[in-house]
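Colleague: Each chain is listed here by its residues.
Number of protein chains: 2
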Amino acid sequence: MEWTREQRYLPYNKWDAETLLKLQAQADNSSYQLNYHIRPSSGLLNDPNGFSYYNNHWHVFYQSYPFGAVHGLKSWVHLESCDLVHWQNKGLALGADTKYDSHGAYSGSATVIDDKLFLMYTGNVRDQNWQRISYQNGATMDKNGIVTKLAAPLIYAPAHVTEHFRDPQLLKHRDAYYVLLGAQDKTTLSGKVAVFKSKDLKNWEDLGYLDFSPETMGYMIECPNLVFIDDKPVLIFCPQGLDKNVANYDNIYPNMYVVGNKLKFDAARMETKQTAPINLDDGFDVYATQAFNAPDGKAYAISWVGLPDMTYPTDEEGWANCFSQVKELSLDEQNRLVQRPVPAMADLRQAGQVVKAEKAINGRQILVDNASRSYELKLTIPKGQAGTLHLVANQDLSESLQLKFATGDAAQLVVDRAHSGIQFASDYGFTRQIDLTANEDLELDIFVDNSLFEIFVNGGLKVLTGRFFGSQANNQIAIQGTTKEELAFRGTYWRIDHI
Amino acid sequence: MEWTREQRYLPYNKWDAETLLKLQAQADNSSYQLNYHIRPSSGLLNDPNGFSYYNNHWHVFYQSYPFGAVHGLKSWVHLESCDLVHWQNKGLALGADTKYDSHGAYSGSATVIDDKLFLMYTGNVRDQNWQRISYQNGATMDKNGIVTKLAAPLIYAPAHVTEHFRDPQLLKHRDAYYVLLGAQDKTTLSGKVAVFKSKDLKNWEDLGYLDFSPETMGYMIECPNLVFIDDKPVLIFCPQGLDKNVANYDNIYPNMYVVGNKLKFDAARMETKQTAPINLDDGFDVYATQAFNAPDGKAYAISWVGLPDMTYPTDEEGWANCFSQVKELSLDEQNRLVQRPVPAMADLRQAGQVVKAEKAINGRQILVDNASRSYELKLTIPKGQAGTLHLVANQDLSESLQLKFATGDAAQLVVDRAHSGIQFASDYGFTRQIDLTANEDLELDIFVDNSLFEIFVNGGLKVLTGRFFGSQANNQIAIQGTTKEELAFRGTYWRIDHI
Chain A
1 MEWTREQRYL PYNKWDAETL LKLQAQADNS SYQLNYHIRP SSGLLNDPNG FSYYNNHWHV
61 FYQSYPFGAV HGLKSWVHLE SCDLVHWQNK GLALGADTKY DSHGAYSGSA TVIDDKLFLM
121 YTGNVRDQNW QRISYQNGAT MDKNGIVTKL AAPLIYAPAH VTEHFRDPQL LKHRDAYYVL
181 LGAQDKTTLS GKVAVFKSKD LKNWEDLGYL DFSPETMGYM IECPNLVFID DKPVLIFCPQ
241 GLDKNVANYD NIYPNMYVVG NKLKFDAARM ETKQTAPINL DDGFDVYATQ AFNAPDGKAY
301 AISWVGLPDM TYPTDEEGWA NCFSQVKELS LDEQNRLVQR PVPAMADLRQ AGQVVKAEKA
361 INGRQILVDN ASRSYELKLT IPKGQAGTLH LVANQDLSES LQLKFATGDA AQLVVDRAHS
421 GIQFASDYGF TRQIDLTANE DLELDIFVDN SLFEIFVNGG LKVLTGRFFG SQANNQIAIQ
481 GTTKEELAFR GTYWRIDHI
Chain B
1 MEWTREQRYL PYNKWDAETL LKLQAQADNS SYQLNYHIRP SSGLLNDPNG FSYYNNHWHV
61 FYQSYPFGAV HGLKSWVHLE SCDLVHWQNK GLALGADTKY DSHGAYSGSA TVIDDKLFLM
121 YTGNVRDQNW QRISYQNGAT MDKNGIVTKL AAPLIYAPAH VTEHFRDPQL LKHRDAYYVL
181 LGAQDKTTLS GKVAVFKSKD LKNWEDLGYL DFSPETMGYM IECPNLVFID DKPVLIFCPQ
241 GLDKNVANYD NIYPNMYVVG NKLKFDAARM ETKQTAPINL DDGFDVYATQ AFNAPDGKAY
301 AISWVGLPDM TYPTDEEGWA NCFSQVKELS LDEQNRLVQR PVPAMADLRQ AGQVVKAEKA
361 INGRQILVDN ASRSYELKLT IPKGQAGTLH LVANQDLSES LQLKFATGDA AQLVVDRAHS
421 GIQFASDYGF TRQIDLTANE DLELDIFVDN SLFEIFVNGG LKVLTGRFFG SQANNQIAIQ
481 GTTKEELAFR GTYWRIDHI
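Order-wise, the sequence lines are chains A and B.
Using this note's numbering, the first residue of the first sequence is number 1, and each one after it goes up by one.
Using this note's numbering, the first residue of the second sequence is number 1, and each one after it goes up by one.
Because the hints were derived from the structure by calculation, they are not lab data.
The reader is advised that the hints may include incorrect statements.
Mimicking SDA-like on lysine to any residue, the simulated pairs with C-alpha atoms at most 20 Å apart in a straight line are [claimed, not checked]:
| # | chain 1 | residue 1 | chain 2 | residue 2 |
| --- | --- | --- | --- | --- |
| 1 | B | 90 | A | 88 |
| 2 | A | 116 | B | 143 |
| 3 | B | 22 | A | 9 |
| 4 | A | 199 | B | 384 |
| 5 | B | 90 | A | 146 |
| 6 | B | 143 | A | 372 |
| 7 | A | 22 | B | 460 |
| 8 | B | 149 | A | 26 |
| 9 | B | 143 | A | 88 |
| 10 | A | 14 | B | 22 |
| 11 | B | 22 | A | 498 |
| 12 | B | 143 | A | 14 |
| 13 | A | 22 | B | 98 |
| 14 | A | 22 | B | 30 |
| 15 | B | 90 | A | 25 |
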């Protein structure tokens, strides 16, 4: 199906309900459907929005286009949780229905203000010449889920940015409100984080661009997020078009972070010793991560697993993408970001089963036969070994998601999805790799959810996330030795059911 | 909102998608929404359909009208489960879109035939004079959830029935297929169960009406279901307009059962010693129960919790009704039907908490303060006591769902929902009552799910099910003594989370 601009921006009330019901059923019945991650009811999901804690529940929204796997007229769909793992879909919360968001209720954040959840979002508008105008709008959600939009935008684009000005993160800091915005500078056409300040959410002061690096951050920054971890500011953002000499990445667009020492909000400056941004995720598909500090001070993040300007195999089924699991963020003693599953993820574990590899010298050993399509697999591979772990594999291992590990002198981990099923995103390669410290044990905490993998390495110092689209019949977990030595390791496999 | 006939039968493709998304969000956000029972995505849910086991999963469908809490153009919505407790919604499966079901894909059953799930359902058609024609249609569902309708009806209404001829249960018995159908006899205008037989699903023999009682079964029988328990046939059915002298009931329409000794299918006769049908549920809202024998021979039942021709408080929110939990059926040594929760219901239990009442002489005692809105409460009340258990109660117990028990000489259990919240169905009374054996311990296994209660009495010998619509703030469980004696009992309370 060719999607015309007119179709993509058709108001939701011009679509018929039967089409929507069929699209929902098509997504519900997909053999690639996720079992314990947030996914769209139909159509396309992209950025997480409004990740927050309010009224004794966790909240998150997803950018939604319900009528197909394309970027059309966007709205916010609301989900609610008691534990950051089990989410209840609360449906359409914020649509594109005013003159300040006529072409999409784009991404934004949520902050508790005066007993309501205050949503700040980008209203996307196209004028008669299809020129984009970006408004930064406000809305409130009450305890019954009723959303009320403010009558006028909070912030209009200043003269020094192009029409690419979006993704507001509203933060309360001391006695003022601050907003971070992704922006493109009009003069240099480079990516920036714009900062605004207000005492009353009405009068806004333009504090200029956030100074956090001497480098140029590509041509546009999307989805800036600031969280505080151990009192240190951490900026998570997507610098589109970043020069790979500044920081290397393999995906079409990167999602990166910088850990600062100190934030001087009013001066719009984050001091940092970090010379270059670092990839938040070393896998294939993480983008638009949204992070926030919960009332208890902890920092949590959730990501879109999907990338702009890419197609995925489920597009043909009229739906696409999912969210990552929520991760708790911390810093290690070297100020490196650590991402860990939240405690309630362990509640999903069903009937643990010990897995162990022994003497798989140049051969293969089945670790779990007839595995579920959804599971957690936690392993420790001792130092000095090398081999390939085959996930969601067929009988002869010709089809599988491969994790090639080496824990000796040249220590590394390579994830290869070339043989995991339908090939896609070929322009960006089929492997992702991280270097490991030589001669150290390797800890892997692997989550598989039918068409999604999330691999936590060494307690969350690295995470590799990606999609894959293999046959439902592929249900083995196996190990293959690639050295002359003995392979020996132990771990646990837990089935995970649909939540 | 007044619903015209035209609105109610408007094809789904004449409704707009925005309306549907808003109705779905409205249902999702309802403060009366169910947490662990099947409920409609939007609009009205009624009969369970196609309850079956196929492709290693349990299946059930619900009669759906997605656009409001009215009986409009009906379709089947599909759900799938691994354990009869956690259900995945698979969306619209069978719509009203052919000349043999133009005014509704009405109720029916599902049977595994030739590696597919064979759906048999009533196609509701209205002619130009709005005269009803009922076709008994077939369709198949494959392992990918793709439904294909047969080109022509399987069974046309015979001359001896009126237009009220529906709800086929297709059964394979020995080397033939049999269909039971709810019917109204044209001559006597009385309720009947029509029986048909076929060797090939094409040529059908009319075996006449099932002979199972000398009494007249009201003016219409809906939803007949036959299951075998310990080789005994059990007929579950809804005799509308049944004379209360034949068997008493309190609801607008009853849902009853008869246990037979022997079924002579080809003679259309079920021999029974039971002189009158018995209420399947002694509560307020159970109807249209569907039961079937699983491949392991066990019999399971699931019910619509809702009644025809009634309004419920959520109607104003554009949605209505839910399903009961699935119950496993058995017979006790006196051939009485026993209904029990399925084993996986126990998996829902979170953090058990002992509850006990002591010395609540004419006073009240809080058993659980700050209880969840969803829970299981299992109690044994020793013989010789009397009192009132207050569920979902406010602080002074002026609002609560009351269970008045007496376990002495005049032993009985009364459920009173008069003070449980919004009053509804007032014409049919606010209490339901069952007699108990004098001077015996009373075992109660109570399930509460926000706006639904299911009370299993004495191991499932009686079940009382009903809806209630109280304030979200009512979260106490308390006991009140009504005798001069000491009250003493123990039990366990388990919180149940959203599934």
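Colleague: Could you run down the list of hints and mark each one as holding or not?
Modeller: Going down the list of hints, with the structure as the test:
1. B:90 / A:88: Holds, at about 16 Å.
2. A:116 / B:143: violated, 46 Å
3. B:22 / A:9: Given pair residue 22 (chain B), residue 9 (chain A) holds - Cα atoms ~19 Å apart, limit 20 Å.
4. A:199 / B:384: violated, 68 Å
5. B:90 / A:146: Measuring from Cα to Cα gives roughly 27 Å; hence the hint is violated.
6. B:143 / A:372: holds, 18 Å
7. A:22 / B:460: Roughly 40 Å between the alpha carbons, so the hint for residue 22 (chain A) and residue 460 (chain B) is violated.
8. B:149 / A:26: This hinted pair holds, its Cα atoms lying about 18 Å apart.
9. B:143 / A:88: The given pair, whose Cα atoms are some 27 Å apart, is violated under the 20 Å limit.
10. A:14 / B:22: holds, 14 Å
11. B:22 / A:498: With Cα atoms ~26 Å apart, residue 22 (chain B) and residue 498 (chain A) exceed 20 Å; violated.
12. B:143 / A:14: violated, 33 Å
13. A:22 / B:98: holds, 17 Å
14. A:22 / B:30: Measuring from Cα to Cα gives roughly 24 Å; hence the hint is violated.
15. B:90 / A:25: With Cα atoms ~6 Å apart, residue 90 (chain B) and residue 25 (chain A) stay inside 20 Å; holds.
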